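Peer 1: Sequence lines, in order, name chains A and B.
If you're matching positions, the first sequence starts at 732 in the working numbering and goes up one per residue.
If you're matching positions, the second sequence starts at 90 in the working numbering and goes up one per residue.
Just so you know, these hints were derived from the structure itself, not from any lab.
These numbers come from a predicted model, not from an experiment.
Note that beta-carbon positions come from the ideal geometry of N, C-alpha and C, so glycine has one too.
Warning: the hint list may mix true and false statements.
[To be verified] The calculated label-pair distances, taken between Cβ atoms and stated as ranges, are: (1) B/Gly191 <-> A/Pro934: 52 to 58 Å; (2) B/Leu199 <-> A/Arg936: 18 to 24 Å; (3) B/Asn198 <-> A/Gly895: 47 to 53 Å; (4) B/Ala173 <-> A/Lys1021: 47 to 53 Å; (5) B/Phe92 <-> A/Glu1074: 31 to 37 Å; (6) A/Arg851 <-> B/Leu199: 35 to 41 Å; (7) A/Pro934 <-> B/Asn198: 52 to 58 Å; (8) B/Arg180 <-> A/Ile806: 41 to 47 Å; (9) B/Leu365 <-> A/Thr840: 29 to 35 Å; (10) A/Lys797 <-> B/Ala173: 43 to 49 Å; (11) A/Thr840 <-> B/Glu267: 50 to 56 Å; (12) A/Gln850 <-> B/Arg176: 28 to 34 Å; (13) A/His910 <-> B/Ile244: 44 to 50 Å; (14) B/Asn183 <-> A/Lys948: 50 to 56 Å.
The lines below spell out each chain.
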Amino acid sequence: MKKNILTLIGSLFVAFVLTAAPLSSVGASEKPLKMGALMDFTGIWAELGDRVYKGIQLCMDQAGWKVAGRPIELINEDAASNPTVSMHKTKKLIDYDKVEFLFGPIYGTSTVAIAKYLQRRHLFFMPQGTQDIGLGKFGSAVTVWGTSQLQFIPLGIYLAAKKGWKTVTLGATDYSGGHKYLADLQNGFESKGGKVVQKQFFPPRTVDFGPYLTKLKEADGCMVWFGTGAEYANFRRQYKEFGFLKKMPLGTIMGGAVSESDLQEMGELGVGTIGQNTWVLTRDTAINRKFVDDFRKKYGRDPGAFDAMGHEMASVALAGIKATGGDTNPKKLKKAILGLKMEVAGGPLRFQPEGFGIRNAYMCEVKKVADKYRWVVDYVYPDLTYTPEQFRKLTSKK
Amino acid sequence: MTFEQIFINLLNGISFGVILFLLASGLTMVYGIMGIVNLAHGALYMVGAYVGWSVAIQHGFSYWMATLTGGIVAGFVGLVMERATLRYLYRQINEQVLVTIGFIYVLTNLTQWIWGPRPRAPFTAGMLSGTIQFWGCSYPIHRLTVILIGIVISIAIWWFQEKTRIGAMIQAGMDDKEMTMGLGINLNRISVILFFICSFVAGFAGVIGAQLLGATLGQGFHILGLALVVVIIGGTGSVGGALIGGLILGIFDSFINALVPQIGMWAMYLIAVIVLLVRPQGIMGGRMK
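Throw the hints in and build the complete structure from the sequences for me.
Peer 2: Here it is, written out as structure tokens:
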């Protein structure tokens, strides 16, 4: 009897081992890859968060929600344009959802809030913009956007060298990013002999620009930075109403914030706007055409620069994870991503050792093309590769 | 600052002040007459602005149709709020505050659900989109129209309160609720009408204000803060106070942003603190209702 029981237990054990082994090996190779998307779906950056998330989703669709044999599970959380909420949601994504990778957040201040925590928890993350936090210090992050210097110093150079402006008046929303973007543009503009005659900063959420326009100094042109297209449209309309549009051209420093939808809504008012872009809808490459077509099919509207950015972020993430064979170890993943040279919707993309994207900067102007208002490329600064040392030299003037 | 700049800033301030008045007048009447602290009043303004945008821009109807529709939709949303919750919370200030803050979140999220997160740029009637010249300076016609509308609405509210039977009933209810009800006046029905009118004015103000401020999801909280400052300056329950408070705040905001923009974000709240310290009942509070 005892022998029979032992035989039975032994048989069961052998059967368990024989069946469990292949099961566990299947489990390892097809273990779902949980990716977090910490996006600002509410608050002041809600529009951008929604756009970036749509771009990420589209890329996942195109990839069949699978990478390196692992099915992808995308878990989104609302960072609410708020650093405290971002930290809370980050902890939830790591401890409860057990994500292995994080997209976002959009808001730079939230990125600053969570960066050290993510570093401590060994989680790789891909924020939208991180130029102010010294990305190089955080071994487990990259950003496809690059830096504001990479984008806005060339804009300053372009305005002075290509547009022939000798003087410019500047304005921006009064927060750390606004100050930095104006300084970057100023560095580029002054490096080519231009002069900034005035800088004005508008409190966040300013909608009545009358007080600022009454004391606007005349120059060869005016450049402003706003986080959303609606703010720029509002400023441009008031700029025109106060009679400035006839006297000096107006541009937006970050053209990408003024989406295709904003351009159609502005109509003729937007024509002549100058701006820098990392992506343009009309860029005629196979990958961009596919992105635009698929986006229109999925969402029923034209994509904008932030939709494209989400798509680029996801494309880079998937390419990196594919290169590591599905491994999301931050060190391996960062090494793999830094080694990438790929074509994304916005053009060729590679990375600096610090993790910033090296990419094209498109100097554009809004024009009417076949009954639609579009950003049209006037000049391209390709494959921008300023080193951190070069930047420091340029920015040390301010 | 030149004379031209002073004059333009004064006009800017008055036009912004009129929008604040339109918003605060409903807020102060609902509190003064019904005793309801409706913190969702700014959210009703936002709803009006988005509905107006849909009517005028998305569907191409006239701007004046948009102002009417924005007001009516906000009026009905306010009515639902009052009938569903606030009528059970008379004299319960804490509960009113909690419920109406909840309504701000509900309305903001519903608005985002319907219109998406993208802010809507300012819009106006085609006939108002031009400019006129002052001493060689261009000035937008729609800003002058806002001032004109403010004058008309002030007169209309004064007429409604002082010259109509319902206005007299409302004033009687403000002075002595029990006695008014004892005279056989259905104050409950009057309250419903009043809440609808005040919500209508909030939505109407949203579309009028959208000429300058556009429509954004944050307005529920942001514009409410300004309206509360207007009520503090003018005095609760006083429409005249709301007008004076709105103009003071609008003009102050305009000049502060022109002269010292660094403190523009919080300077107007400083006025509220000073008024609370010096004259807690507000400029018109306790004297004129």
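Peer 1: Within 50 to 56 Å or not, the Cβ separation of A/Thr840 and B/Glu267?
Peer 2: At 54 Å between Cβs, range holds.
Peer 1: Is it true that B/Arg180 and A/Ile806 lie within 41 to 47 Å of each other by Cβ?
Peer 2: Since B/Arg180 and A/Ile806 have Cβ atoms about 45 Å apart, the given range 41 to 47 Å holds.
Peer 1: A/Gln850 and B/Arg176, beta-carbon distance inside 28 to 34 Å?
Peer 2: Violated: the Cβ-Cβ distance is about 54 Å, outside 28 to 34 Å.
Peer 1: Falls inside 43 to 49 Å, the C-beta gap from A/Lys797 to B/Ala173?
Peer 2: holds (47 Å)
Peer 1: Taking 52 to 58 Å as the stated bounds, is the beta-carbon spacing between B/Gly191 and A/Pro934 within them?
Peer 2: Violated - the Cβ-Cβ distance for B/Gly191 and A/Pro934, about 28 Å, lies outside 52 to 58 Å.
Peer 1: Given a hint of 29 to 35 Å, does the C-beta separation of B/Leu365 and A/Thr840 actually sit inside it?
Peer 2: Given a distance of about 32 Å, which is inside 29 to 35 Å, the answer is holds.
Peer 1: Would you say the C-beta atoms of B/Asn183 and A/Lys948 sit inside 50 to 56 Å of each other?
Peer 2: holds (51 Å)
Peer 1: Do the beta carbons of B/Ala173 and A/Lys1021 sit within 47 to 53 Å of each other?
Peer 2: Between B/Ala173 and A/Lys1021, where Cβ atoms are some 49 Å apart, the hint holds.
Peer 1: Given the hint of 44 to 50 Å, check if A/His910 and B/Ile244 actually sit that far apart at their C-beta atoms.
Peer 2: Distance hint for A/His910, B/Ile244 holds at roughly 46 Å.
Peer 1: Please check whether A/Pro934 and B/Asn198 have a Cβ separation lying inside 52 to 58 Å.
Peer 2: violated (26 Å)
Peer 1: How does the Cβ-Cβ distance of B/Asn198 and A/Gly895 compare with 47 to 53 Å: does it lie in that range?
Peer 2: holds (49 Å)
Peer 1: Okay, B/Leu199 versus A/Arg936 on CB: inside 18 to 24 Å?
Peer 2: holds (21 Å)
Violated hints, in rising order: 1, 5, 7 and 12; the structure is consistent with all others.
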